[in-house]
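One-letter residues, chain by chain:
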Amino acid sequence: MTESVAIAERLSASSKQCLGVRGLSKFFGDFAANRDVTLSIDAGEIHALLGENGAGKSTLVKMIYGILKPDAGSMELLASSYSPNNPSDAKSAGVGMVFQHFAVFDALTVLENIALGLEGRFPDEALAAEILEVCERYRLHVELDRRIHDLGAGERQRVEIIRVLMQDPRLLILDEPTSVLTPQETEQLFTTLDRLSDEGRSIIYISHKLDEVRALCDRATLMRAGQVVDVVDPRQESTRSLGEKMIGERLNETKRTQVTEAHSQKARFTVRVGDVYPESTRNVVLTDVYLSVAPGSILGISGVSGNGQDTLFDALTGELTLPNPDSMVLDGEPLAHLDVEQRRLRGLLGAPENRLGHAAIPDLTLWENVILTARHTRGILKNNHLISGTSAKEFAEEVIATFDVRTPSVNAKASSLSGGNLQKFLIGRELLGNPKVFIVSNPTWGVDAKAQLFIHQMLLKLADQGASIILISQDIDELLSVTDRICAICHGRLSRTFSTEEMTPEHLGALMLGQEIDS
Amino acid sequence: MDYGLLSSIIHSILVASTPLVFAGLGALIQERAGVLNLGIEGLMIVGALAGFATAVAGFPLLVSILMASLAGAMLASIFALLVLRLYANPVATGLALTLFGLGLAALAGSQYVGQAAPQVAAWEIPFLSQIPVVGRALFSHDPLVYLSIFTAFVIWWFLTKSRTGLILRAVGENHTSAHALGFSVRGVRFLAIICGGALAGIGGSYLTLVQTPLFVEGMTAGRGWIALALVVFASWRPFRVIAGAYLFGSVSIIQLHGQALGVSVASQWLSMLPYVVTIGALVVIASRAGTSQAAPGSLGKIFKESR
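For the protein sequence lines, the chains are R and D, in the order given. The number in this note's numbering is simply the position in the first sequence, starting from 1, with 5 added. The number in this note's numbering is simply the position in the second sequence, starting from 1, with 382 added.
Hints were generated in silico from the structure; no laboratory data involved. One thing to keep in mind: the hints can contain errors.
Stated by the list, open to error - Using 30 Å as the maximum straight-line C-alpha spacing, the simulated DSS-like pairs for lysine-lysine come out as follows:
#  : chain 1 : residue 1 : chain 2 : residue 2
1  : D       : Lys543    : D       : Lys683
2  : R       : Lys271    : R       : Lys21
3  : R       : Lys271    : R       : Lys250
4  : R       : Lys74     : D       : Lys683
5  : D       : Lys683    : R       : Lys418
6  : R       : Lys271    : R       : Lys214
7  : R       : Lys441    : R       : Lys398
8  : R       : Lys387    : R       : Lys441
9  : D       : Lys686    : R       : Lys74
10 : D       : Lys686    : R       : Lys418
11 : R       : Lys398    : R       : Lys21
12 : R       : Lys250    : R       : Lys466
Bear in mind that the values here come from a model prediction, so they are computed numbers and not experimental data.
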């Protein structure tokens, strides 16, 4: 600890305020992404930036990091004027950023990735030694000669954090750092962040997860529609009051109200597979996949990303067909050998994790994207050959109206919608097809709190109507609040299934790491 | 076996392969930076003409090579402007570059058809070329052969051992991240395109300066395309490009000798052989050598920075 005291003394030689932002505005055309934003961050402070998707948090930090140029306003860093023209300026001024979508290079090694982030450094032994020293000080473990594509999300993030720490930053910006971490990894990250703040470094922490903000942050700036609406002490607020301030409306809590008699009911959809081999060797091989869902029941599958969820999703929806038809049975009918189309016609629908590129084609309009999966509904496809644009548009209109999708029209491109709105549209597209079994993967990843709530309600309503749902997710809170039963996937192996009522976050975390628990 | 024959076969193999080495390396350096340039064929023939014209005018070999590389670089800079500044589709632009280069060389080169350039003398490397048997076969070629191998070394060293090379790979791997880290994606790509154009130009000039000291319309005869394919099958590695080019050259020469000796196989099959063998061999190498065989992550993608 003496070391960190020494660092703290060195850093506190400068003023108490680390970053001051005054009247910052940024316009994209007529749209004000940031309007007159004022922000003050003290040395050693962990400061949360809260807001829905599109509230302007990313725009703000991009300006602080020099990726975007503000149209008006000024910034001050360590008591001197600060206007970075590019990220290099920001870095040399002492600002570091850990990106939400990690800015790492898959084909390069950890060492090369770190070297790239440092001005004029080359991946040699000297650098490796320095990195290991920093790793030791902050208790971050990485193997320097591994390639990024072999690493999990938590390790990738560690690479980014180390890269930033190597620059000895005064101000660290973290954009949604925990969205892909297990509870254990999150805790490790918090320990690291606490240590950094003890040293006098300031941290801007962007997150949707209000619990985390309350546990970690000293102050929180709330943003809505590009403007700062409030600055609060998150420790004095409840998760609910924070959420309401952020959204500007009262929230209804989602909770599985009736744990239906699902348990007693006969399973409708059962999966019994020994091994599933994915199409690409990069994906995880599944072993011992046994699961079943009853009508009206929601089964949650938790797990750290990269543990076989992709393969599982593909196998369940039919993107990956299995040789033995009987290994998957829906209402008494074997369908493991059937492809996506055939399974869809039998009422098994899915919504994949990757919204742009997998679930929807970014450059196509909403009504065109409807045709991708819903073509067998409402006469969109005439005589199995011709597309009826009118029917597709009507269908898209219906999805937009029913599920409160905010978009100018059905002619908007899929890529122009915010994550939450697009997800509502994509799930709505499937739900209007009245699925018997609905398989959905990480439906609320990168989606703001309000849309998240809405999507959860969509799923619950669907279950109440008697559908069976399989929810593959990395969000533990989501799994615990929405599902009836829960299991975990680790290295392609599915754990036993537990009733959600008797599950705690700690137990689930252990399951996600492949440890069996007794209960 | 007659050693004179052996050494002349090796010589003709090197002569057949060297243009592909240069052009392949030129494509490689661009593709590692994430630029897909289908205009290699056009760059080659423009280089071929520029080198030839300079040699015919009586300038020494070095000047001819310089002019060829300059011509390649200049034509490539048009590609760079279109793709990097005006965000033109790189595939279409590359194809246009090939057509443009072929047409331009045919037009400007019509006056040179039928003329002959002075013969390029071989470099007898002292001592080494005196080694019995292999000496003359390996160490007595024109300077460009050595330059091509040296270039491969330089590119290998640059990509794996220098920081700039690391940045170039990073830009090719993920341009969004590279931009986020503060690297000039456009700058790196511009330089890669210019260097690649210069190398392709030198590759083309080898045809007119050494291989056949003549200029004929369309004389690159698809070598630019073969070079592009070689780079892919060589998993974007310089030494594998050399290996692929030499294999291709060897099989082409051997099948020619085979045809001359009257092997009783249809000549079409023999002509097909270099392509089949090269692709087969490089596919086997690529499928065996473990991970990181994949194409650079942002190869051929358009980069636009938001400001």
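We went through each hint and held it up to the structure:
1. For the proposed pair Lys543 of chain D and Lys683 of chain D, the alpha carbon gap of about 26 Å is at most 30 Å, so the pair holds.
2. Of the pairs offered as hints, the one joining Lys271 of chain R and Lys21 of chain R is violated, with about 64 Å between alpha carbons and a cut-off of 30 Å exceeded.
3. Restraint check for Lys271 of chain R and Lys250 of chain R: the C-alpha separation of about 44 Å exceeds 30 Å, so the hint is violated.
4. As the CA atoms of Lys74 of chain R and Lys683 of chain D are separated by approximately 25 Å, the hinted pair is consistent with the 30 Å bound.
5. Annotation: proposed proximity of Lys683 of chain D to Lys418 of chain R holds, straight-line Cα distance about 20 Å (limit 30 Å).
6. About 37 Å separates the Cα atoms of Lys271 of chain R and Lys214 of chain R, which puts this hinted pair outside 30 Å; it is violated.
7. Proposed proximity of Lys441 of chain R and Lys398 of chain R is supported: the alpha carbons are some 24 Å apart, at most 30 Å.
8. Between Lys387 of chain R and Lys441 of chain R, the direct Cα distance comes to roughly 24 Å. Compliance with the 30 Å bound is thereby established for this hinted pair.
9. Taking the CA atoms of Lys686 of chain D and Lys74 of chain R, the gap is about 16 Å. The hint holds against a cut of 30 Å.
10. Distance restraint check for Lys686 of chain D and Lys418 of chain R: the Cα-Cα separation of roughly 19 Å lies within the 30 Å cut-off, and the hinted pair is therefore satisfied.
11. Distance restraint check for Lys398 of chain R and Lys21 of chain R: the Cα-Cα separation of roughly 57 Å exceeds the 30 Å cut-off, and the hinted pair is therefore not satisfied.
12. Using a Cα cut-off of 30 Å, the hinted pair Lys250 of chain R and Lys466 of chain R holds, with the two alpha carbons roughly 27 Å apart.
Hints 2, 3, 6, 11 from the list above are not met by this structure, while the remaining hints are.
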